[in-house]
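Novice: Each chain is listed here by its residues.
Number of protein chains: 4
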Amino acid sequence: MSSMKVTLLAHTPDPERVAAAAARQCYSKHSATKAYNDLSAEEMKRLLKMVISSGHLSVLEHASFTFVIEGISRACSHQLVRHRIASYSQQSQRYVKFDEIEFILPESISKQAEAQKAFAEGLDACREAYRRLLSMGIPTEDARYILPQASPTKIVVTMNARSLMNFFELRCCLRAQWEIRELAGQMLNLVKGVAPAIFENSGPACITKRICPEKRYDCPLWVELYKK
Amino acid sequence: MSSMKVTLLAHTPDPERVAAAAARQCYSKHSATKAYNDLSAEEMKRLLKMVISSGHLSVLEHASFTFVIEGISRACSHQLVRHRIASYSQQSQRYVKFDEIEFILPESISKQAEAQKAFAEGLDACREAYRRLLSMGIPTEDARYILPQASPTKIVVTMNARSLMNFFELRCCLRAQWEIRELAGQMLNLVKGVAPAIFENSGPACITKRICPEKRYDCPLWVELYKK
Amino acid sequence: MSSMKVTLLAHTPDPERVAAAAARQCYSKHSATKAYNDLSAEEMKRLLKMVISSGHLSVLEHASFTFVIEGISRACSHQLVRHRIASYSQQSQRYVKFDEIEFILPESISKQAEAQKAFAEGLDACREAYRRLLSMGIPTEDARYILPQASPTKIVVTMNARSLMNFFELRCCLRAQWEIRELAGQMLNLVKGVAPAIFENSGPACITKRICPEKRYDCPLWVELYKK
Amino acid sequence: MSSMKVTLLAHTPDPERVAAAAARQCYSKHSATKAYNDLSAEEMKRLLKMVISSGHLSVLEHASFTFVIEGISRACSHQLVRHRIASYSQQSQRYVKFDEIEFILPESISKQAEAQKAFAEGLDACREAYRRLLSMGIPTEDARYILPQASPTKIVVTMNARSLMNFFELRCCLRAQWEIRELAGQMLNLVKGVAPAIFENSGPACITKRICPEKRYDCPLWVELYKK
Numbered sequence: 001m002s003s004m005k006v007t008l009l010a011h012t013p014d015p016e017r018v019a020a021a022a023a024r025q026c027y028s029k030h031s032a033t034k035a036y037n038d039l040s041a042e043e044m045k046r047l048l049k050m051v052i053s054s055g056h057l058s059v060l061e062h063a064s065f066t067f068v069i070e071g072i073s074r075a076c077s078h079q080l081v082r083h084r085i086a087s088y089s090q091q092s093q094r095y096v097k098f099d100e101i102e103f104i105l106p107e108s109i110s111k112q113a114e115a116q117k118a119f120a121e122g123l124d125a126c127r128e129a130y131r132r133l134l135s136m137g138i139p140t141e142d143a144r145y146i147l148p149q150a151s152p153t154k155i156v157v158t159m160n161a162r163s164l165m166n167f168f169e170l171r172c173c174l175r176a177q178w179e180i181r182e183l184a185g186q187m188l189n190l191v192k193g194v195a196p197a198i199f200e201n202s203g204p205a206c207i208t209k210r211i212c213p214e215k216r217y218d219c220p221l222w223v224e225l226y227k228k
Numbered sequence: 001m002s003s004m005k006v007t008l009l010a011h012t013p014d015p016e017r018v019a020a021a022a023a024r025q026c027y028s029k030h031s032a033t034k035a036y037n038d039l040s041a042e043e044m045k046r047l048l049k050m051v052i053s054s055g056h057l058s059v060l061e062h063a064s065f066t067f068v069i070e071g072i073s074r075a076c077s078h079q080l081v082r083h084r085i086a087s088y089s090q091q092s093q094r095y096v097k098f099d100e101i102e103f104i105l106p107e108s109i110s111k112q113a114e115a116q117k118a119f120a121e122g123l124d125a126c127r128e129a130y131r132r133l134l135s136m137g138i139p140t141e142d143a144r145y146i147l148p149q150a151s152p153t154k155i156v157v158t159m160n161a162r163s164l165m166n167f168f169e170l171r172c173c174l175r176a177q178w179e180i181r182e183l184a185g186q187m188l189n190l191v192k193g194v195a196p197a198i199f200e201n202s203g204p205a206c207i208t209k210r211i212c213p214e215k216r217y218d219c220p221l222w223v224e225l226y227k228k
Numbered sequence: 001m002s003s004m005k006v007t008l009l010a011h012t013p014d015p016e017r018v019a020a021a022a023a024r025q026c027y028s029k030h031s032a033t034k035a036y037n038d039l040s041a042e043e044m045k046r047l048l049k050m051v052i053s054s055g056h057l058s059v060l061e062h063a064s065f066t067f068v069i070e071g072i073s074r075a076c077s078h079q080l081v082r083h084r085i086a087s088y089s090q091q092s093q094r095y096v097k098f099d100e101i102e103f104i105l106p107e108s109i110s111k112q113a114e115a116q117k118a119f120a121e122g123l124d125a126c127r128e129a130y131r132r133l134l135s136m137g138i139p140t141e142d143a144r145y146i147l148p149q150a151s152p153t154k155i156v157v158t159m160n161a162r163s164l165m166n167f168f169e170l171r172c173c174l175r176a177q178w179e180i181r182e183l184a185g186q187m188l189n190l191v192k193g194v195a196p197a198i199f200e201n202s203g204p205a206c207i208t209k210r211i212c213p214e215k216r217y218d219c220p221l222w223v224e225l226y227k228k
Numbered sequence: 001m002s003s004m005k006v007t008l009l010a011h012t013p014d015p016e017r018v019a020a021a022a023a024r025q026c027y028s029k030h031s032a033t034k035a036y037n038d039l040s041a042e043e044m045k046r047l048l049k050m051v052i053s054s055g056h057l058s059v060l061e062h063a064s065f066t067f068v069i070e071g072i073s074r075a076c077s078h079q080l081v082r083h084r085i086a087s088y089s090q091q092s093q094r095y096v097k098f099d100e101i102e103f104i105l106p107e108s109i110s111k112q113a114e115a116q117k118a119f120a121e122g123l124d125a126c127r128e129a130y131r132r133l134l135s136m137g138i139p140t141e142d143a144r145y146i147l148p149q150a151s152p153t154k155i156v157v158t159m160n161a162r163s164l165m166n167f168f169e170l171r172c173c174l175r176a177q178w179e180i181r182e183l184a185g186q187m188l189n190l191v192k193g194v195a196p197a198i199f200e201n202s203g204p205a206c207i208t209k210r211i212c213p214e215k216r217y218d219c220p221l222w223v224e225l226y227k228k
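Quick mapping for you: the protein sequence lines, in order, are chains D, P, L and G.
Residues in the first sequence are numbered consecutively from 1, following our numbering.
Residues in the second sequence are numbered consecutively from 1, following our numbering.
Residues in the third sequence are numbered consecutively from 1, following our numbering.
Residues in the fourth sequence are numbered consecutively from 1, following our numbering.
Read the hints as simulated data drawn from the structure, not as lab findings.
Predicted model only: the values in this text are computed from it and were never measured.
Among the clues, some could well be false.
No copy is singled out in the list; a pair is fine if it fits within one copy or between any two copies.
Subject to a maximum C-alpha distance of 20 angstroms in a straight line, what follows is the list of computed SDA-like cross-link-like pairs (lysine to any residue) [said to hold, decoys possible]:
{"#": "1", "residue 1": "K49", "residue 2": "R94"}
{"#": "2", "residue 1": "K34", "residue 2": "L174"}
{"#": "3", "residue 1": "K228", "residue 2": "E200"}
{"#": "4", "residue 1": "K192", "residue 2": "L170"}
{"#": "5", "residue 1": "K215", "residue 2": "M4"}
{"#": "6", "residue 1": "K227", "residue 2": "A86"}
{"#": "7", "residue 1": "K227", "residue 2": "E43"}
{"#": "8", "residue 1": "K29", "residue 2": "P196"}
{"#": "9", "residue 1": "K5", "residue 2": "E42"}
{"#": "10", "residue 1": "K29", "residue 2": "V96"}
{"#": "11", "residue 1": "K49", "residue 2": "S135"}
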């Protein structure tokens, strides 16, 4: 079974300084270049804290992050690409043949021996049908119709910091589907490593906005945060 | 087996007049409201022809079209939602159980008895595994991992006329994957019915721009258009 | 002096029904077409209320609204076009000559006789310089550099309901610049007339989200809403 | 008089390698991370050339560029921000007072002594009115209504490589307004310096696509390119 791997391939160098310099210029006579050179680490953090808390998030768009994501399911990538303020390059199932397919296995299934058996039998049948179709000369792009949504894919994703924050609000939520929540969690950890002042309070809306848009006040995370 | 059904649910009333009025205002002292009321059908067509041929396509964005699409595969919807200048509402596989699943069948498979048999066996195994997983209490959102990409979906799509034109350029191309090409063809027919002056020359780039971005000059469509 | 005029030129017919039908399909086996035909007015309103309160705003994108805006200043249009999820067609100052320029007059200036005099003298000088430049053969696109930001413009704007809601949150705020706040107010009134169930609670964030992103708890609107 | 200054503040490190790695993954079993590490400089250039010539431009979106632009007019920034696939942070005229205003001077005016005189007189009157208004206590955000469109502004802009290419096609065109054409030219030079394989053939559509969307075949650039 395949497992998710998320890598931060590239990002705007010094992303916090770039965003802070842009913020400073909005209310100053001087240029962002000057702010970029002059801002102390302290001022930079204070500025970022201010723009984030007051919701002036557009300056965060100048910081851009590129991830390589491997070993997620097509079910997950279908959800992922619904985020439109982002750029994607996905491995094509039309052209790339899958000979050793390692499928994604949901935990609810792996925890239950019989369910895992049923799942594995389904997968084996798909794999078998896929191979037979290819051997009969069916084009890869049509044979893949038999591949289950547990099929793995690779995708390169670029989002700016503002779009990422929105992504984390929606997808780090406990109500989000487990696979994309795991993906969002890994992405959040990676960007926290390179832009802590931007992302330190990122996460689901219950953390960032102290609201639950779905009004699930029995959610374990809500209880932990606000009801203890 | 399921078959594709595309309906034009709603659109900007009098879409050509709205786009033409916006175009007229750009180069006039008078308002678009006046142009909307005053333009003759002839002037309207001439204006639209001019903006389209000169590439000033932004005025076409004021005309918006909403489609209901049923009976396309998840493979197809995954491609569709990659078009980011559009709005989507898709039937959720996380919540909706599929008891009578009618899968999408590629023609290359339906044409060949043995391939169809292999495909059907794979599908049956998926269906069976899906039912077993649900009966064991596996959540719908996880059981669906066994569903093949041939699984049907329903989706509501809204695009403006400019975004549609770009969609048609890419997806009406003979090199596009067959299912999304069929979808694009049906959508094009529907919008031609209500906005002929906008869409009369829409289609793949070989028709609209007289170029083949992929440089496939042996393509049957290219040959038919330019080599006879 | 010019005054603002906002017209709703066109919109998705039955915009609430279209959005509600899209919402219904997300969690149903049936198509949006069926929902569009079957939903009672009551169900429609309940569905819209639910999607709005839970933040599932994407279904509102299927409803699109086109405005003609006349008599706003270039200062205002510059702010307006910063909203990127929208379509614009603006009267060109490069090509259209302004012979009888009616400038926009801020109320803070009109209330004070001396300020109004200073303003009028500045405007007269601009008008005079513009005419002299044109008479010397300077191209319109360059002569306009002398035109003040109080110069009027006409613009056609199309936004979907979700983008409008965001626009209203930012621009109906008492802290927003007065001219774009007036514009936003007029646009809100117009869409409330045709889609009350969507826009009935639209407005600044203090109304929609019961928060003040700028934390101005001494704002008269905040005081009126929550401190009486 | 102010003069334009454009600085490349930040960009995706190794932008060509990131875009090429994303392109490679689309048609390969291996990940973009591997391609990023393994691609030779030659392969990288060949890949980029291929994706650009075949119009598969989406991979270029992973490369992002941030500019600081100073000394452009508000007329120019108004045009600039019409490009919606981009991020902007602009110096606010609502809050920043301009005491030493250095206006932008079009060449057609500077070349002609009398025109320059008329222009200067208009500017002086604006400057004077602006100061009087401020001294009477008129808020900065209203006093600026008298400032001409020649007023300078500073803006931070981030665009990805694909959006930049589109920007250059439209704004490097000889028919584009002179100030934004000059800006586009400076931006193009800057990105050519750090991503030559991506931008070497960028420019107006007559260069990139060998077409003139406006069909101005008497344009000096067209004549130079194709009619000699």
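Novice: Look at each hint and say if it fits the structure.
Specialist: We went through each hint and held it up to the structure:
1. In the homo-oligomer, the alpha carbons of K49 and R94 never lie at most 20 angstroms apart, since the shortest distance is 45 angstroms inside one protomer and 22 angstroms across protomers.
2. In the homo-oligomer, the alpha carbons of K34 and L174 never lie at most 20 angstroms apart, since the shortest distance is 42 angstroms inside one protomer and 32 angstroms across protomers.
3. In the homo-oligomer, the alpha carbons of K228 and E200 never lie at most 20 angstroms apart, since the shortest distance is 22 angstroms inside one protomer and 36 angstroms across protomers.
4. In this homomeric assembly, K192 and L170 come within 20 angstroms of each other (Cα to Cα) only inside a single copy, at 17 angstroms, whereas the closest approach across copies is 29 angstroms.
5. For a Cα distance limit of 20 angstroms, the shortest separation of K215 from M4 qualifies neither inside one copy, at 31 angstroms, nor across copies, at 37 angstroms.
6. Proximity of K227 and A86 under a CA criterion of 20 angstroms is satisfied in neither setting, with 36 angstroms inside one chain copy and 40 angstroms between copies.
7. Proximity of K227 to E43 under the C-alpha cut-off of 20 angstroms is found in neither arrangement, the shortest distances being 35 angstroms within a copy and 34 angstroms between copies.
8. Neither within a single protomer nor between protomers do K29 and P196 lie at most 20 angstroms apart by alpha-carbon distance, with minima of 28 angstroms and 34 angstroms respectively.
9. When the C-alpha separation of K5 and E42 is checked against a cutoff of 20 angstroms, the pair qualifies neither within a copy, at 34 angstroms, nor between copies, at 28 angstroms.
10. Taking CA atoms no more than 20 angstroms apart as the test, K29 paired with V96 passes between copies only; the shortest distance there is 7 angstroms, against 54 angstroms inside one copy.
11. Taking CA atoms no more than 20 angstroms apart as the test, K49 paired with S135 passes in neither setting, with 59 angstroms inside one copy and 34 angstroms between copies.
Checked against the numbered hints listed earlier, the structure breaks hints 1, 2, 3, 5, 6, 7, 8, 9, 11; every other hint is satisfied.
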